[in-house]
Amino acid sequence: MTEAMIQLGYPAWLRIEHWINVLFVTLLIRSGIEILATHPKLYRGYDSKPGTEWARFTRKTMPTDKLYDTLDEEESYSSLVALPGHKKLGMGRHWHFVTVIGWILTGLAYYILLFATGQWHRYIPYSWSIFPEAWNDVLTYLSFKLPPLLPGQPLDAIQKLTYAGVIFILAPFQILTGAAQSPAVEAHFPWYVRLWGGRQGVRSLHFVGLVAFIGFIAVHLSMVGLWGWPQLNALMIFGSVRELGWALAASLAIIAAIVAVHVGATVWSLRSPRTVQRALGFIINRGRLSFLRPMVSRQHYSPAQLSTEHRVNGKPPDSDDYKVMAVHNFVDWKLEVGGLVDNPMTFTLADLRALADKQTQRVMHNCVQGWSSIGEWSGVPFRTVVDLVKPLPQARHICFLTMQDTGRDEPSAEGAGQFYEIVDLNLAHHPQCLLAYEMNGQPLPIEHGAPLRLRIENQVGFKMAKWIERIEFISDYHGIGEGMGGWREDNVFYDKDVEV
Amino acid sequence: MAVLVSFYRYFAFNGPRVITTSGIVILLGVAAIRLYWLAGGFLLARYPTYLAVYFAVLVTAAVVASVSMVIGRRPGLVKAGWMLGSLGSVASIVMYVVSRTAGLPGLPQLVDRWDYPLGTFAMALAALFVGLHFSVLTGMNVAYPQRRYWHD
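Protein chains in written order, with my numbering: chain Z, 1 to 500; chain B, 501 to 652.
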């Protein structure tokens with residue numbers, strides 16, 4: 001055995017990282033499928049106009065003669081393929097985000113150790129001759145034979161190129177395309193979304209990356225089988241070909257442990273989602289507030305980029321009071337702003353229109369389900385209202401109370417009660433934080449929140465409360481509803497802060 | 501089986517031009533390999549005349565099928581093109597497997613000769629076409645000139 005062979009063996013850190021990677025990648029795949037299930041359709045470009053999708057992973061067909069919303073389109077996948085399955089987007093998001101943090105840290109440690117120990121030689125080619133050698137390897141496999149390993153290395157040429165592609169291209173690709181789906185990243189760096197072909201383009205690319213990973217895993221396992229599973233298994237357990245029986249037992253034990261984590265995560269999420277929300281949300285939120293909260297929206301899409309159709313998540317209030325107001329163009333509607341403020345105020349729609357010069361912004365709307373569209377929103381900057389009512393020093397959050405009664409209005413939703421959402425006070429000062437009364441140059445349509453809705457462009461859509469009737473400045477939200485920071489947080493277990 | 505069929509029905513794609521282009525590229529690949537063999541690139545320098553006729557028929561069928569698949573004005577012809585492509589592909593797989601197992605008349609030297617990359621590749625292409633056609637027949641994919649009409 002040459003010195004190079006010894007150096008490029010299977011050091012302990014590499015073996016440990018391999019098995020940790022198996023755990024993280026499988027968790028990412030299952031939780032990613034859960035996220036896909038909530039809007040199981042893929043599009044190109046920026047928006048999600050119904051009928052323009054290039055792929056569907058659903059058997060549902062939506063009605064064309066009555067209003068439906070995107071919650072009706074949600075699929076309930078089996079726990080065998082999705083984590084946790086059964087239409088639990090909130091749980092899927094928690095698992096996906098917490099796992100990606102672990103996966104990125106594992107990957108960084110892997111990169112550092114690869115280059116610190118010289119193990120990069122096993123993956124990174126340093127001679128052009130590897131390409132003809134890889135071609136010869138392909139021909140050899142097509143001859144139903146095994147090609148020779150590269151001299152002093154544990155892989156053949158095509159394997160070396162493939163691993164390099166997965167480790168240095170595919171994995172970063174998934175992270176970069178994942179980041180491009182964060183509303184905060186999109187709002188702060190619109191060019192970055194453009195780089196990937198638009199919001200839906202990047203969502204599709206992220207899915208293609210998932211398929212590539214699944215394909216790699218299938219070929220990887222086939223190769224292990226072809227080259228001698230007992231021997232390679234021993235290498236990945238002990239670092240050398242010895243004690244094949246014990247290696248088999250150890251690998252089965254590791255696989256059983258990984259399966260146990262999956263089963264545990266699934267059962268925990270289905271039985272006690274609140275504790276998952278609290279525990280995983282605690283971890284995720286640290287990273288989210290540190291890296292994504294500072295990203296302020298600076299989007300200015302052109303009129304030509306406006307979406308021709310804007311999907312709807314959430315059905316309008318189905319009350320007589322609301323209908324009467326709607327018939328009279330909301331002249332009787334009033335917005336109360338109070339709570340921990342020096343100067344509580346009440347506004348009519350006319351008051352809001354007269355309050356300040358109308359601010360108009362053409363921005364991307366990111367639904368938590370993954371669909372998107374570009375709309376033009378006009379209204380009064382929220383900071384104008386904040387300055388008028390003068391929040392007291394102890395005010396830290398803002399609660400938006402709406403006219404929607406979810407139990408009455410939204411049969412597809414889990415839970416009941418008045419819809420409300422809470423945002424942090426510091427978001428109110430963002431230049432594109434808007435109380436919108438117009439959409440695309442027209443009075444705000446009923447399905448999009450008439451007469452008034454919130455726009456906070458670095459957040460996911462559900463935070464932008466529609467059909468607002470009251471705004472309260474508060475010091476703490478734990479006594480409101482279930483205390484999680486909003487109706488969706490209370491009932492479908494999303495995070496309160498949703499920059500991603 | 502019912503579970504598998506149910507699972508399969510969750511997948512639907514809307515890329516008729518991509519599917520038809522892929523089908524044609526695969527079929528032309530199948531044809532090109534046989535043309536190469538006819539032109540002297542075959543594993544054996546000498547082989548029976550019926551094999552040359554078979555290669556020529558396969559090339560003709562692949563080209564005719566490819567042309568039929570893009571004549572969008574007559575959907576019946578398009579379907580026939582896909583069917584002809586699948587028949588040719590299945591025939592090529594059967595011929596290849598028989599030549600390596602039971603053997604073909606006058607070609608005993610091909611038995612067990614699986615170590616022929618171009619032959620394996622040709623077989624894989626044919627299998628790919630059959631799989632693609634299956635996905636069109638079962639509705640997972642649509643081929644030109646079909647459209648999805650997803651209006652919901």
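What the hints contain is simulated information worked out from the structure, not anything from laboratory work. Ideal placement from N, C-alpha and C gives every residue a C-beta, glycine not left out. Treat the hints with care, as some may be off.
[To be verified] EDC-like, lysine to aspartate or glutamate: derived pairs with alpha carbons at most 20 Å apart:
#	chain 1	residue 1	chain 2	residue 2
1	Z	K145	B	D615
2	Z	K87	Z	E438
3	Z	K87	Z	D490
4	Z	K49	Z	E309
5	Z	K358	B	D615
6	Z	K334	Z	E438
[Unchecked claim] Derived coverage of chain Z by chain B (criterion: at least 3 residues anywhere in the stretch with Cβ under 8 Å from a Cβ of chain B; other residues may be distant):
#	stretch
7	237–244
8	262–271
[Stated by the list, open to error] The calculated label-pair distances, taken between Cβ atoms and stated as ranges, are:
#	chain 1	residue 1	chain 2	residue 2	range
9	B	H651	Z	A260	42 to 50 Å
10	Z	Y192	B	L504	36 to 44 Å
11	Z	N136	B	P608	41 to 49 Å
12	B	V505	Z	F216	25 to 33 Å
13	Z	D72	B	F507	49 to 57 Å
14	Z	P303	B	A556	55 to 63 Å
15	Z	V261	B	G541	47 to 55 Å
A quick look at each hint next to the structure:
no.	hint	in the structure
1	Z:K145 <-> B:D615	8 Å, holds
2	Z:K87 <-> Z:E438	33 Å, violated
3	Z:K87 <-> Z:D490	16 Å, holds
4	Z:K49 <-> Z:E309	6 Å, holds
5	Z:K358 <-> B:D615	74 Å, violated
6	Z:K334 <-> Z:E438	17 Å, holds
7	237–244	violated (count 0)
8	262–271	violated (count 0)
9	B:H651 <-> Z:A260: 42 to 50 Å	46 Å, holds
10	Z:Y192 <-> B:L504: 36 to 44 Å	40 Å, holds
11	Z:N136 <-> B:P608: 41 to 49 Å	29 Å, violated
12	B:V505 <-> Z:F216: 25 to 33 Å	27 Å, holds
13	Z:D72 <-> B:F507: 49 to 57 Å	22 Å, violated
14	Z:P303 <-> B:A556: 55 to 63 Å	60 Å, holds
15	Z:V261 <-> B:G541: 47 to 55 Å	53 Å, holds
In this structure, the hints that do not hold are numbers 2, 5, 7, 8, 11 and 13, in rising order.
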